[in-house]
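I would like the entire structure built from these sequences, with the hints used as guidance.
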Amino acid sequence: MLDLCEWRMPAGFPSPATDHTQKRIDLNEHLIRNKEATFLFRVKGESMSGIGIYQDDMLVVDRSLDPKHNDIVIAVLNNEFTVKRLYKRGGVVKLIAENNLYPPLLIKNEEELTVWGVVTYNLHKLH
Amino acid sequence: MALVDCNNFYVSCERVFRPDLINTPVVALSNNDGCVISRSNEAKALGIKMGQPWFEAKELEREHGVLALSSNYALYADMSNRVMSILSQFTPTQEVYSIDESFLDLSGIHNLRSVSYKIKETVGKWTGIPVCVGIGPTKTLAKLANQVAKKHPRSKGVFNFNSLSEEQKNSLLSKIEVSQVWGVGRRLTSRLAQYNIHSVQDLKLADTPTLRAEFGVVMEKTQRELRELPCIDMTLIEPPKKQIVCSRSFGEMITDVNALKDAVSLFVSNACQKLRAQKSHASIIQVFLCTNRFRAELAQYNPCISVPLPQPTNDTVHVNRWADFLVEKMFKPGYSYKKAGVMLSEIAPTTHRQMDMWEQPHEREHASNVKLMDALDQLNTRYGRGTVTVSTQGTYLDRLNVGAGQNWKMKQTRKSPNYTTNWSDVPYA
Numbered sequence: 800m801l802d803l804c805e806w807r808m809p810a811g812f813p814s815p816a817t818d819h820t821q822k823r824i825d826l827n828e829h830l831i832r833n834k835e836a837t838f839l840f841r842v843k844g845e846s847m848s849g850i851g852i853y854q855d856d857m858l859v860v861d862r863s864l865d866p867k868h869n870d871i872v873i874a875v876l877n878n879e880f881t882v883k884r885l886y887k888r889g890g891v892v893k894l895i896a897e898n899n900l901y902p903p904l905l906i907k908n909e910e911e912l913t914v915w916g917v918v919t920y921n922l923h924k925l926h
Numbered sequence: 360m361a362l363v364d365c366n367n368f369y370v371s372c373e374r375v376f377r378p379d380l381i382n383t384p385v386v387a388l389s390n391n392d393g394c395v396i397s398r399s400n401e402a403k404a405l406g407i408k409m410g411q412p413w414f415e416a417k418e419l420e421r422e423h424g425v426l427a428l429s430s431n432y433a434l435y436a437d438m439s440n441r442v443m444s445i446l447s448q449f450t451p452t453q454e455v456y457s458i459d460e461s462f463l464d465l466s467g468i469h470n471l472r473s474v475s476y477k478i479k480e481t482v483g484k485w486t487g488i489p490v491c492v493g494i495g496p497t498k499t500l501a502k503l504a505n506q507v508a509k510k511h512p513r514s515k516g517v518f519n520f521n522s523l524s525e526e527q528k529n530s531l532l533s534k535i536e537v538s539q540v541w542g543v544g545r546r547l548t549s550r551l552a553q554y555n556i557h558s559v560q561d562l563k564l565a566d567t568p569t570l571r572a573e574f575g576v577v578m579e580k581t582q583r584e585l586r587e588l589p590c591i592d593m594t595l596i597e598p599p600k601k602q603i604v605c606s607r608s609f610g611e612m613i614t615d616v617n618a619l620k621d622a623v624s625l626f627v628s629n630a631c632q633k634l635r636a637q638k639s640h641a642s643i644i645q646v647f648l649c650t651n652r653f654r655a656e657l658a659q660y661n662p663c664i665s666v667p668l669p670q671p672t673n674d675t676v677h678v679n680r681w682a683d684f685l686v687e688k689m690f691k692p693g694y695s696y697k698k699a700g701v702m703l704s705e706i707a708p709t710t711h712r713q714m715d716m717w718e719q720p721h722e723r724e725h726a727s728n729v730k731l732m733d734a735l736d737q738l739n740t741r742y743g744r745g746t747v748t749v750s751t752q753g754t755y756l757d758r759l760n761v762g763a764g765q766n767w768k769m770k771q772t773r774k775s776p777n778y779t780t781n782w783s784d785v786p787y788a
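Sequences listed follow chains A and B, in order.
No gaps in the numbering here: position 112 of the first sequence is 911 in our numbering, and each next residue is one more.
No gaps in the numbering here: position 133 of the second sequence is 492 in our numbering, and each next residue is one more.
Everything labelled a hint here was simulated from the structure, so no lab data went into it.
As the structure is a prediction and not an experimental result, all values here were calculated from the model.
Backbone N, C-alpha and C define an ideal beta-carbon position, used for all residues, glycine too.
Heads up, a few of these hints could be off.
To be verified - The calculated label-pair distances, taken between Cβ atoms and stated as ranges, are: (1) B:776 to A:891: 31 to 39 angstroms; (2) B:527 to A:824: 34 to 42 angstroms; (3) B:544 to A:824: 52 to 60 angstroms; (4) B:782 to A:908: 35 to 43 angstroms; (5) B:512 to A:926: 39 to 47 angstroms; (6) B:587 to A:857: 33 to 41 angstroms; (7) A:857 to B:515: 31 to 39 angstroms; (8) B:383 to A:849: 34 to 42 angstroms; (9) A:824 to B:418: 54 to 62 angstroms.
So, in structure tokens, the structure goes:
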């Protein structure tokens, strides 16, 4: 999927060195397990800053994974996307923020909760 | 044979990234926000018709809160590529039929029903796009089965024609209007009515010599398909959605990328000539390559990619550049390719095309290309197809190299962000 963003029309002559290069480390291979099911999201707000997910970080989200207890997920809440930790124990389902300023959100009926996808990586810009 | 068809594809793509639209009536509009080209079930229930000019339905926007979106081909093409690639994982023989439909050869699979549900579930979970699966002994019947799956909630999105008894089949086909059959349009329906052919069952039982004499060989083949004798090559039937397909099997299998590019470039020039002949332009290009599925001992690879054209065009030079690039992108050495093809879709009349102020300098060059294309068409008509083709190397390269952000040549005031193809359009959570 990241692939798509990098498409450029070919221009000019291919470098004569092309035949001698080895394949470089490809971040896509590392970050994307299932490319058809992988999407990117950008973080809004500081509700997850306790575990190092900050405003404007880029999240890699895999829709093919089954959301499990303790996964970081993209959930749909009040028709909006939100990133939270999924709590799923003993019939209790909660969306937990990783920031003391945000209380956990108890989901009364599990069917009300739509988990859009499971977050697999956070890309945080340092430079 | 199974046909997998995405439900309300464009609207469904929009909804993946707009959970707030799940129960709202939504429509997607054609280029320049002209006509309705995709409708949510809620919009269908309000009586909005396919192809209806949006200004006619605009009242509904205020009255019922219908949301109209400009078409976002970058998004639709990416979602389509995802869906098609997932489907290809279920069978080595897939024929992508349009941006949102694909035939899958599932012969040899025993638990068809559970595999079909698995297909539906996987596509739905991985991409968020709902699909229906129709299964039949032939493509024509698989397509009909798909419509049954769509219309009847009890089917839960999967309908297997093969599992019916002879009696049930006849009763089902008697209830479906002949206009629903693949390749039978409105005009043919009224002509068929003159021969007392109203239902699909009527067509199935009609006198074959009469049918061939009056309606030609394609209709005869359709009848054979209804009689469960597979005989249709998908390229024979004019697709219902506006698209032009140019594809052909090669005399000899091709292993060289340049030979493939040459072949595809010829398809492009034929397709673009057709476009120009009908004074229209296309917005999406799809290129596919196929290995020989009848040679099971050879490795199989059937890639297919759709991309939105930077702006609607019928210019062979422009389209060819993209086709060439896509072949390059998909080509894997070590396979023997038997067939390739080009499909142009989202076709609209050129007169609808509106340029904005940014277009002016470009426009001049465009005009010179129009002259070039005219000359090309004349030469090819006079001396035969393929007399003059466009070289794949040229001076237009840099001009095509436009970033995603410059896609705004069309009037698209209601377009959603390019959620999956543009870094700055990634959704927030």
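Okay, the hints, checked on the actual structure:
no.	hint	result
1	B:776 to A:891: 31 to 39 angstroms	holds (36 angstroms)
2	B:527 to A:824: 34 to 42 angstroms	violated (58 angstroms)
3	B:544 to A:824: 52 to 60 angstroms	holds (54 angstroms)
4	B:782 to A:908: 35 to 43 angstroms	holds (37 angstroms)
5	B:512 to A:926: 39 to 47 angstroms	violated (54 angstroms)
6	B:587 to A:857: 33 to 41 angstroms	violated (52 angstroms)
7	A:857 to B:515: 31 to 39 angstroms	holds (37 angstroms)
8	B:383 to A:849: 34 to 42 angstroms	holds (35 angstroms)
9	A:824 to B:418: 54 to 62 angstroms	holds (57 angstroms)
Hints 2, 5 and 6 from the earlier list are contradicted by this structure; the remaining hints agree with it.
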